[in-house]
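Asks: First residue of the sequence shown? That's 31 in the working numbering, and the numbers climb one at a time after it.
Be careful, since some hints might not be right.
[As the list claims (entries may be wrong)] Simulated crosslink set (DSS-like; lysine-lysine; CA at most 30 angstroms straight-line): (1) Lys67 / Lys142; (2) Lys47 / Lys177; (3) Lys204 / Lys142; (4) Lys100 / Lys120; (5) Lys228 / Lys142; (6) Lys228 / Lys122; (7) Lys228 / Lys200.
None of these hints come from the bench; they were simulated from the model.
None of the values given here were measured: they were computed from a predicted structure.
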Amino acid sequence: MKIAVLNGEPWQMDFLKNISDTELITAQNTEMLFAQKANAFIIFNITQEYLNIKEDNLPVLLGCVCKSNKEMNVAANVIRFNDWNGFLEKTKWEISGETTPGILNLFHHLGKEPIFCSDVPGFISARIIALIINEAYIALAEGVSTKGEIDIAMRLGTNYSYGPFEWCEKIGRKNIYFLLSNLSNSDERYLPAPLLVKECNL
């Protein structure tokens, strides 16, 4: 399968390179991307941008956690997925969009099982983890404990792979901030903690 890719970080490209029978084509912009004769397209690391992706029969995977398909007004052939570090390597991907044979074939080729979710920012897992990270920053600011101790307590108490601050480092503070900020537009409990905002240098 020939896949054209835009905005891939080295670790994201390494994931794709490990998939057998795959030819990767990298592009510098969306115009170059869709000019490629590929079977599918993957665009990584979309946060606040709005893309004009033309209607097509070929599947497009859009790595975007912080915005919904509806917010970005994407075409019907676009499937949104979580491309954050710590999620890409999972065998099951939370996605939103319309199911087509081409999409299902692409996921089969990638060796991933699609979990179809409502078209909301954060899907399910990322939304919950972002909220936990935010609460951890609030606890840190209140002097409840240190980052290291909070991470240890969460790992031991919940059997999570990472503590909240470890997750934050892996995912990226600004990714967490952008997701919380967008979610807080409709629910104030997602307001980013002041200490998180400070560490993002925003």
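Asks: With reference to the structure, classify each hint as holding or not holding.
Replies: For each hint, the structure was consulted:
1. Lys67 / Lys142: 23 angstroms, holds
2. Lys47 / Lys177: 35 angstroms, violated
3. Lys204 / Lys142: Roughly 27 angstroms separates the two Cα atoms, so the pair holds.
4. Lys100 / Lys120: Cα-Cα ~25 angstroms, so holds.
5. Lys228 / Lys142: 37 angstroms, violated
6. Lys228 / Lys122: This hinted pair is violated, its Cα atoms lying about 33 angstroms apart.
7. Lys228 / Lys200: 18 angstroms, holds
In summary, the structure is inconsistent with hints 2, 5, 6 from the numbered list given earlier, while agreeing with the others.
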